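A.B. asks: As they're listed, the protein sequences go chains A and B.
If you count by the numbering used here, then the first sequence holds residues 325 to 1139, one letter each, in order.
If you count by the numbering used here, then the second sequence holds residues 26 to 368, one letter each, in order.
Careful: at least some of the hints might be erroneous.
[Unchecked claim] Computed spacing ranges between beta-carbons, pair by pair: (1) B:353 to A:486: 52 to 58 Å; (2) B:347 to A:998: 51 to 57 Å; (3) A:1112 to B:86: 27 to 33 Å; (4) B:127 to A:957: 18 to 24 Å; (5) A:1088 to B:127: 55 to 61 Å; (6) B:32 to A:1074: 49 to 55 Å; (7) A:1138 to B:129: 29 to 35 Å; (8) A:1050 to B:32: 33 to 39 Å; (9) B:302 to A:400: 39 to 45 Å.
Treat the hints as calculated values from the structure; they're not laboratory data.
None of the values given here were measured: they were computed from a predicted structure.
Think of the CB as a built atom: it goes at the ideal place given N, C-alpha and C, for glycine as much as any other residue.
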Amino acid sequence: MKISYNWLSEYVAHEYSPEDLAHALTMSGLEVEEILHLGPSLDGVFVGRVVSVRPHPNADRLTLCDIDLGTGELIPIVCGAPNVAADQRVPVATIGTHLIIDDKVLKIKKSKIRGQTSMGMICAEDELGLSDDHSGIMVLSENAVIGEPLLDYMEREGKKLNDTVLDIAITPNRADATSHIGVARDVSALQNVPLKRPVITIPSDGGETTQRIKVDIECPDMCRRYAAMIVTGIKVGPSPAWLKQRLEAIELRSINNVVDATNYVMNECGQPLHAFDYDRIAEQRIVVRESVKNEEFTTLDGKKHLLPEGVVLICDGERPVAIGGIMGGENSEVDETTSNVLIEGAWFCPSRTRKSARALGMSTDASYRFERGVDTDSQAWATTRVAALIAELGGGSVTPGIVDAHPHPLTTTRVDLRVARVPKILGIRIPRRDILRILTSLGFDPQEACDTISCTVPSYRPDIHLEIDLIEEIARIYGFRQIKAQQSAPLPVSVPVTRPIDLLRERVHAYLNGHGFREIYTNSLLPDEQALQFSQAVTAADYPPVRTLNAVSRSMATLRPSLLPGMLNVMQHNANHGRRALRFYELGHVFHLSGHEAAFIENYSEYEVLLFGISGPVRPQSWDGSIPLADFFDIKGDVEKLLSLLNLDFLQMEPCVEPTDITAHHITLSVNKKWIGTIARLSDEIQAAYDLPDPVFFATFNWTRLALICEEQPAAVYSPVPRYPVVERDIAMVVDSQQPVGAMINKIREAGRKLLKNVDIFDIYTGKGIAPGKKSVAFSLRFGANRTLRDQEIDHVVQIIVTTLSTQFDAELRA
Amino acid sequence: METNLEYLKTVAATFSEEIAGAELDTPAKSEEFRIRFLGQRRGVIPKLFKTIPDLPKQDRRSAGQLLNALRKEAQTALESAIEQYRVKVSNASDIDLTLPGRRSQWAGSRHPITLALAKITDIFKHMGFAIAEGPEIEDDWHNFSALNFPADHPARDMQDTLFVEEPGEGRAGAMMRTHTSPVQIRTMMAGEPPFRLIAPGRVFRNEAITYKSYCLFHQVEGLVVDQGVTMADLKHTLSGFARAFFGDEVKMRFRPSYFPFTEPSGEVDIWWDLPDRPEGGRWMEILGSGMVHPNVLEAVGIDSERYTGYAFGMGIERPAMLRYGIDDIRIFYENDVRFLAQF
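Full structure from sequences and hints, please.
C.D. replies: Given below as structure tokens:
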């Protein structure tokens, strides 16, 4: 919302400079986002007197002038204007001045023109940006003081050349501040000076106007009030300079005197107005009704609309002529042939205006104001004001009387303020006289009772309903800076304890950072096909992903069902930029329709996921050996270490060598058959689709569930550290080469019972000395107990283990 | 085995010679030596000790002395060998100390948003705030209605909402939360005052992606509800935060604003020095705040006469961009390692 400083100053006699005004408004709730200075820059332009004029020796059209700038010496200037003459007072641009002529910057320099020195420029009005006049140099009156800045002279002459425009970000509650008078009201409250609203005599309802136009409101909730006046015999034409200047300052294009007048009054008082060509209104009748579905209407911008149901339409005796509160129609538009206009000043329902404007994809200066809530009592005032202005500008006459249709009587709201409540909210005591002064200047007509102040809500403040609204009004005008920060605060009774999930997150961050993983943040929104492709990637569940309904682009169509595509995008990006070693992780929410997870919002399942992935060399280059590429057992080892860190070694691991759409092979981790996570190698097809040179391995967890399981673990209890030596034994078993080793380890653990503390594999061998189709697996077994173990005891257990492996896996002890 | 003192003396003499002549110039040879003479299970000296109880009583003392001396010889030989070996290694002059160290792994890192979020939550934790979280898909009631956003009110336009498809018919529309404020509602619904919490999280706006806007960003929301809470407390918390986050010298201002769920509402700007600009800097909005609107308290069943409260919310990306001098928000979500490695 643009507010002109000069225009605003017509309504309130304040003492702010433009910058101070911007600051004061910002600090009282109307945030000024930008300060724009308008008007010509006359820096370096001074009043000079032409002392003498001589012909230029080398050019017929040029003259040599001597100029007195009050400096004590005369300055030579070569001039080309026909009207220059001795003793004139003229504007002189001195050396160093920047003039803007036809959008180009001209810097005045000392120069030689056809051999004659020129030390400045005598200016025409257009060269100073004062008008389009280029017929000759500007000649000033006798009042001009030689040597004074031109700007001072102009202001003394009563010509305001400069203006400052404040661009205000109007918050949605401040419907009242969408006009110059509205903003001026805040200024009057801030400066404690009266608001000067133009004095208008509103005709009483009736008169000749009511014979020439009839208004029927069929939907009084949507249109509470409709004022109409008629101006006849006008000539539509360009607006005068002052009006153009006002509108152009706030970046409105001048159209013609009628439209400009409506825009002017709207920006003065906040009431949107519309002018119809009266002679194009059938049956001299206005009917306000709601649209039925699929009515067609062409607005004055030439666009044809197919209307939804419930749009407020302004109709004449035959057809719609405007969309109420949004835009007029092409069929009744004012143009240069118009001589009689019908003026509409109405009130339209904010929520309906917003709904219709959104449905039609339109936002206009009128809808902007109606959506926020226009003053319910400004229609007759504004209509009268604009009728008079149009009559003045177009040379017509205002038809006596007014139609002021308002089926529902106007109501006023009263809100009581308990004085004692103010410090309870604001934390400061504001003197009662200040409260009364502020409420009075904002138009609340405060009436004092003993402990309360009773206020009448002015019709221009539809946002005020409650006591708290009044307290805010008082606070913003009194000034937030007056509220002093508390110097100390009481300590809460219950000291918040860091949640287990936050502690867990911290440990996982530290673990992954220590293992060379970099955290990434990827978009929660994916293209639909990518979301579909990965929707069952890792959960092994078949729930459809969640689609968005109104995304601004196809790339944000669907919520991510998995973090994997995001990470693959990141791997691809970094691979494209020459990085081979890729180690990333992300913690983030994923989404499915319906669900297997307790949902916050019914029918949507949402939970947090931890994903980490690797591709490329397994560790940094070194000078003493080559570095292998990461493989499945690198990621598996990372997972095992992480689970061990979190005391979750008991998770079940279910291997699967069958490929899926996404994975080449994978391991499923679960607890009590509930999916917790997956460790996998990405399929070659997808790896290729993302242009990744090396195999990709990843591990993904339902973090929400994992954290819950961690939380449910019993708190750690100390078990004594064994003081007795451990004993190590190695055995190598020859088995079928297809035999999975995991099952053997499990059997060894069972057979080794309490004495066996640990099983590791230190070699897997095929080749010389081993029969074809067989492999030798070398286990390192570690035994211990709370006493010194005897050799015979251990020999016995080892024997049991060997026997178990022999019977279960047809294994032989390697000689 | 035949055992008497004389026999022991002979054996000890033989071993003593062997010990004296042993060449212990590598760690492997030393270990072999240790096992042969001193090993707990098979070492010859411990084995000899085990024979002492079989000797006649009067010889046991001398045998003990003899074997102790022998053990001492073996230990001394071993220690000096190890010592020698150690000296030899640490004195080696052909080691190139300028070679780069062996790195078992690259450096990992946390995302700058995680770091900024941690810094912010850390400050509030020290001020006694607990942490709460909520879902990113929300319904209209939690995201808007309970927060005093009227239906069809322009306040809803302040936040371009991204709606999601509804599986069932006739259900209220679900949406991506536009702010973390619904966590306030969920927390207040689940408990009784007093409340003192912050809620960090990801929020969504249905906007095109440009250098200055992204379809999602991160927020931290704060809520305090108790008896006797006023705007002076709010100012205290906010200025304490600004000083902790931006430094004690920070210049801040607190100006009125509008949010449906707080009243009075205010925004905090901090002055950011920009030496290139004629004004020398500019005010940057960092957070919105206010006293919890009585309608919000009533919506969750809290007596707004008895309890008052304040709430605040701030974006994470914007202050992070200010701090690090980042001019394009998209770089946070591109995750280029050359970017991630800088934090």
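A.B. asks: Hints first: check each against the structure and report whether it holds.
C.D. replies: Evaluation of the provided hints:
no.	hint	in the structure
1	B:353 to A:486: 52 to 58 Å	37 Å, violated
2	B:347 to A:998: 51 to 57 Å	44 Å, violated
3	A:1112 to B:86: 27 to 33 Å	28 Å, holds
4	B:127 to A:957: 18 to 24 Å	21 Å, holds
5	A:1088 to B:127: 55 to 61 Å	26 Å, violated
6	B:32 to A:1074: 49 to 55 Å	50 Å, holds
7	A:1138 to B:129: 29 to 35 Å	33 Å, holds
8	A:1050 to B:32: 33 to 39 Å	36 Å, holds
9	B:302 to A:400: 39 to 45 Å	40 Å, holds
In summary, the numbered hints that this structure violates are 1, 2 and 5.
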